[in-house]
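From first to last, the protein sequence lines stand for chains A and B.
Under my numbering, the first residue of the first sequence carries the number 1, and numbering increases by one thereafter.
Under my numbering, the first residue of the second sequence carries the number 1001, and numbering increases by one thereafter.
No wet-lab data here; the hints were simulated from the structure.
From the three backbone atoms N, C-alpha and C, an ideal C-beta is built for every residue, glycine too.
Here chain A is said to cover these stretches of chain B; the calculated rule only asks that three of the stretch's residues, wherever they fall, bring their Cβ under 8 Å from a Cβ of chain A:
id, region
1, 1020 to 1034
2, 1043 to 1054
3, 1098 to 1111
With a Cα cut of at most 30 Å, we get these calculated DSSO-like pairs of lysine-lysine:
id, chain 1, residue 1, chain 2, residue 2
4, B, Lys-1042, A, Lys-11
5, A, Lys-17, B, Lys-1042
6, A, Lys-15, B, Lys-1042
7, B, Lys-1042, A, Lys-57
8, B, Lys-1069, B, Lys-1058
This is what each chain is made of:
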Amino acid sequence: GAGVSQSPSNKVTEKGKDVELRCDPISGHTALYWYRQRLGQGLEFLIYFQGNSAPDKSGLPSDRFSAERTGESVSTLTIQRTQQEDSAVYLCASSLGLSTTTDTQYFGPGTRLTVL
Amino acid sequence: ILNVEQSPQSLHVQEGDSTNFTCSFPSSNFYALHWYRWETAKSPEALFVMTLNGDEKKKGRISATLNTKEGYSYLYIKGSQPEDSATYLCAPVTSGSRLTFGEGTQLTVNP
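This is chain A alone, in the form it adopts within the complex (with noise of 0.2 Å):
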């Protein structure tokens, strides 16, 4: 069956502008999770869904961050009014369960976001 898809795979914005990313988890999967890596920089949690619920959003750096998921499929995160900081490569993962001692999670290929 499929994987994790993320799109789109490299995106290059102006500082300031606003941009979306998109995640499709494996069909299934109720739990979903968004990660980034800043250069030099370990894996950085960002927020988690259960369903189309976040009960843990403590992990987005700032308000300019949301991110929302839709029919328990779907999710898309979206940064506004970007900034250099925010690059990064923007990683989506799935799992079948939240739990982390039984359930693994699946990574995507991620997206590879540029501010200049």
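Start from chain A and add chain B according to the hints.
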């Protein structure tokens, strides 16, 4: 913020060498530890999920051990091959559903 340390940061070995690297994490409130392999231009790939102290898991030439009391895990690769070249990430879980990733060990296997 959970302090996760991986060492070494990078490693170069020759094909056929065996190698190992370390993931250190706080031992309190431990739930699980995940290991991932991330090859350049690909998605991170799950290797192991470990939960019990003394756990040892194996996948082909790759194995991992877990010590939850002292807060570390070792990843071993036996007879390294060029296709093993990747960044190896560990991610302990101490609460909720959040994985906290280390910065990884970047392995390069020279033919």
